[in-house]
Every structure is written in structure tokens, then in C-alpha cells.
Amino acid sequence: MQLDILKALNEERRARRAAVLVTDLGSGAQRLVKAADIAADPMAEALDRQLRMGKSASVEIEGRTYFFTVQAPPARLVVIGAVHVSQALAEMARLVDFDVTIVDPRTAFASEERFPNVRVIAEWPDKVLPEIGLDAYTGIAALTHDPKIDDPALKLALAANCFYIGALGSKKTHAKRVERLTGAGFSPEQIGRIHAPIGLDIGAVSPAEIAVSVLAEIVLSLRRKPLRSEKEKAA
Amino acid sequence: MLATEEDILAQAESWKKSGKGVAIATVVETWGSAPRPVGSHLVIDEEGLFLGSVSGGCVEGDVVTEAQDVIADGKPRTLEYGVADETAWRVGLSCGGRIRVYVERID
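Going down the list, the protein sequences come from chains A and B.
Going by the numbering used here, the first sequence opens with residue 2, and the numbers climb by one from there.
Going by the numbering used here, the second sequence opens with residue 660, and the numbers climb by one from there.
Watch out, some of these pointers could steer you wrong.
Stated by the list, open to error - Counterexamples of contact, computed for chain B against chain A with all Cβ distances above 12 Å: (1) Ala669; (2) Pro694; (3) Pro696; (4) Val697; (5) Gly698; (6) Glu705; (7) Gly707; (8) Asp728; (9) Tyr761; (10) Glu763; (11) Ile765; (12) Asp766.
Stated by the list, open to error - With a cut-off of at most 27 Å between alpha-carbon atoms, the simulated BS3-like pairs for lysine-lysine come out as follows: (13) Lys679/B to Lys156/A; (14) Lys177/A to Lys156/A; (15) Lys149/A to Lys676/B.
In short, the hints are calculated from the structure, not lab data.
Beta carbons: idealized from backbone N, C-alpha and C, even for Gly.
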């Protein structure tokens, strides 16, 4: 591999842009295709397919074997609410390689003492989220129960097409949330993207168990692999 | 701290920039149960330092050795490991899977 290509690959990643490294396994020839250039590439169809799956793979094209090293931006998780569940979720998500940020305007909650290993921002979501720059490789978990804090974050997450949007609260709490978002002009399809009540139903009780159920749901959304039970249902 | 695929490629770049000979090994194909998915990287420097993984620790030793030849002559190599391999008792995958690893030098 040319050092230039490796440098470009690392640069694209730092800028949170997707790219595919194409290696001809026969000749060793290599080139980097940036996400923005895929549509105009002769291998557009195969490149697009692998990028959407987020999976590196060997690909046969016209009798030659190529290896596609697919690089999608590192997934980020923004947690709204520096609450008890968030403390467990932050640690677990870090182990799963999410780049974690906690946002909560309440300074008593959003302290580095409570969250020693992740970025904590004591600020209102509508002020700080545009600065962070939400995208399709960012997930949002709104955990405060407080519409003043959660709602602005959910609205921005919907607009940015975040890969995961979850909101803590009972069915009753969510019904009220749906009313508010509908009133704010969001469509039923958009609102339907919000996972609420949040988390997979594993009977979680303690804050750490709830964090497991939320993190499992986030990983599921990122990898988009249908659960075995869902596949069986569809079959 | 667990190294992510990102850390691994960044490390390869910085090793190369510091003047070391560096090779990148990539899992390009797997059959059966394989410990690390296609696209996983192991980077190796000329002194045999390495970061990342291509298996659960079963074949890294051999890949690191082969990588020294790649760093020396610059020719990419494709290595295959698995129970069907004649070297299975020496370096093989106890899980019963098979993997193919592409090793190339950074120039």
C-alpha cells in the first residue's frame, strides 16, 4: 500500500467521511474511492452495496478478485441526561467502541466526577448538538424524562437522520411526546423512528440492566441485522 | 485499552512516518466459524511489534513472521490458515474455521 493512500484513508476517517479501499488481489494494485466519488466510479454498484452493509469483502468483477476495505465513520452515541442509567450506559458503550458524549444542562448531574471516562457537556441540547454535528453515524438516547431537555434533542436527531433515536419513558409518557412532536410538524413515519419505550424488552430492572437493553437496541439499529425471532416471523 | 481498527491504521501510518518498515495484514476471506471478521487488520513493524488481530491469537505469530519477508522484499502475499492446512498442528485455527490473510508492505 502506498503511504499516500493510507494517509488519505486515515484523513477521511478523521473527517467522518466513508471511503472504500479497492485492492486487486492478483496484481496488488490499489486505489481509494471516497464516498462522494462512488456514483461516478466504474465499480459503483458493488462499492455502494458494500458501503451500505458497512462490510469489507472480496468481490469478483469481470474475472478479477478485488478486496474492498470498507471504512464507515466510527459510530457516536450522544446521551441526553447525565442520569444513573447514563453512568452505566456510558461505560458499556465505550467498551463497544462508541464515541460517547453526555449532554445535560443540569450541572449537578453533568459532572466529570460522575462520568470520569467520557465527554460531558453541561449545556442545553439545542445549543450543543448543532456544534457536535449529528449525522447518520450518530445515535441519540434521550434519558431525562423531561420534555424541556429531551424534545429539542429528538427533533434535531430526526432532522439529522440519526441511525438510532431512543427515548426513555412509559407508553403514556411517549403518547404525550407523540402529540407534541405531531404538533411541531413531524410526520407519523418520522416519529415512528423513535424507539420508545426505550431498549429491548429483556425485563431489565436496575440502571445497569436498563443500560444493557438500550445498548443492545443501539447495536441492533447500527448493524440492522433482523433478530432471529423476527426472521422467523417474516418466514 | 482495546485497539480499534481505526487506531490500528493510524498506528501503521505513524510507524511508517517514523522510518520503520511496516506491513498490513488484512483478513480477506473466512469460511466456517472464524474469530475475526473480514476486513480485520494486524499491522506489523520490522522489529516484529504488532497491533490488532486477524484471529483469536492462533495464527498471529506466523503472520508476524511472514510479514518480515513482505517488509524485506515488498511482494504482497496471501496466507491461508485452517484445519485443512498441513501446518494445522503448528499454526491453525482450533475453532475449525479457515481464513485467508493478505499481507502487504506500506511503501
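Here's how the hints hold up against the structure:
no. : hint                 : verdict
1   : Ala669               : 6 Å, violated
2   : Pro694               : 16 Å, holds
3   : Pro696               : 8 Å, violated
4   : Val697               : 5 Å, violated
5   : Gly698               : 3 Å, violated
6   : Glu705               : 15 Å, holds
7   : Gly707               : 19 Å, holds
8   : Asp728               : 15 Å, holds
9   : Tyr761               : 6 Å, violated
10  : Glu763               : 5 Å, violated
11  : Ile765               : 5 Å, violated
12  : Asp766               : 6 Å, violated
13  : Lys679/B to Lys156/A : 49 Å, violated
14  : Lys177/A to Lys156/A : 15 Å, holds
15  : Lys149/A to Lys676/B : 50 Å, violated
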